[in-house]
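Going down the list, the sequences are from chains G and A.
Going by this note's numbering, the first sequence opens with residue -8, and the numbers climb by one from there.
Going by this note's numbering, the second sequence opens with residue 19, and the numbers climb by one from there.
The set of hints was computed from the structure by calculation and includes no laboratory data.
Hints should not be assumed to be uniformly reliable.
[What the hints assert, rightly or not] As a list, the in silico DSS-like pairs of lysine-lysine whose alpha-carbon atoms are at most 27 angstroms apart:
id	chain 1	residue 1	chain 2	residue 2
1	G	Lys58	A	Lys69
2	G	Lys(-7)	A	Lys69
3	A	Lys72	G	Lys47
4	A	Lys96	G	Lys58
5	A	Lys33	A	Lys69
6	G	Lys33	A	Lys96
[To be verified] Pair ranges (Cβ atoms, derived):
id	chain 1	residue 1	chain 2	residue 2	range
7	A	Gly77	G	Ser11	42 to 48 angstroms
8	G	Tyr30	A	Gly58	28 to 34 angstroms
9	A	Ser27	G	Glu(-6)	39 to 45 angstroms
10	A	Gly77	G	Pro1	26 to 32 angstroms
11	G	Tyr30	A	Pro26	17 to 23 angstroms
12	G	Asp69	A	Asn81	49 to 55 angstroms
13	G	Ser73	A	Gly21	33 to 39 angstroms
14	A	Phe25	G	Pro1	26 to 32 angstroms
15	G	Ser3	A	Pro26	28 to 34 angstroms
16	A	Thr135	G	Gly45	30 to 36 angstroms
17	G	Pro5	A	Lys72	34 to 40 angstroms
18	G	Pro1	A	Gly46	36 to 42 angstroms
19	G	Pro5	A	Glu75	45 to 51 angstroms
20	G	Arg68	A	Asn81	45 to 51 angstroms
[As the list claims (entries may be wrong)] Quick partial rundown of chain G residues pointing at chain A, CB under 8 angstroms, derived from the structure:
id	residue
21	Gly0
22	Val4
23	Ile9
24	Lys58
25	Phe92
As the structure is a prediction and not an experimental result, all values here were calculated from the model.
Even for Gly, the Cβ is constructed at its ideal location relative to N, Cα and C.
Single-letter residue listing:
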Amino acid sequence: QKEVEQDPGPLSVPEGAIVSLNCTYSNSAFQYFMWYRQYSRKGPELLMYTYSSGNKEDGRFTAQVDKSSKYISLFIRDSQPSDSATYLCAMTGGGSYIPTFGRGTSLIVHP
Amino acid sequence: EAGVTQFPSHSVIEKGQTVTLRCDPISGHDNLYWYRRVMGKEIKFLLHFVKESKQDESGMPNNRFLAERTGGTYSTLKVQPAELEDSGVYFCASSQERRSSGGLGTEAFFGQGTRLTVV
């Protein structure tokens, strides 16, 4: 079993839709949870991070962590074609600062 | 301010040849990381420099990979000799600090990657 599971997609939605991206993990020591966005031929850029459980909102983006279920989500409201990218979850903890990444989910928002 | 830059952006070499990848971190960032993504797989950690010293090289796959960071500035990753399974995208990232609690992702900036193809 992989430490972090993420459906690679692609996930195709119409413009304006609410998008839900998810990851599950197996290591209960993870405490820092991150979401990266990666455009084609570019490096990952940090979008949001949360510590432990709870929600965090930043504009159209909401990150949610449920440690009891070992499940994290990223919600994108009013999705735009410019949101089309690969979204990677990553997490650290247990004394290690090196992130464990998911495979990434390819998101396509069509006009 | 310039971001993390990597050279070349794409390299195609034959099996058995040598390739050297270069990373220029953001100025003033003491921490430099190398990662690799093999097609269809996750991004995997290779190693971490603090200034010119190797802090953690637990992710280096074997002794065909050699990383250096001269003077604590730019870094190179050499693969010699290259094998087919070395193909992938090699990312470099840099950060100003490393939090022991695992806050790496809050500060690290990635380069655009070097796509290495070994044929």
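Margin query: So, against the hints stated earlier in the document, which numbers end up violated here?
Written below: Hints 1, 2, 3, 4, 5, 7, 8, 9, 13, 16, 17, 21, 22, 23 and 24 are the ones this structure does not satisfy, whereas the remaining hints hold.
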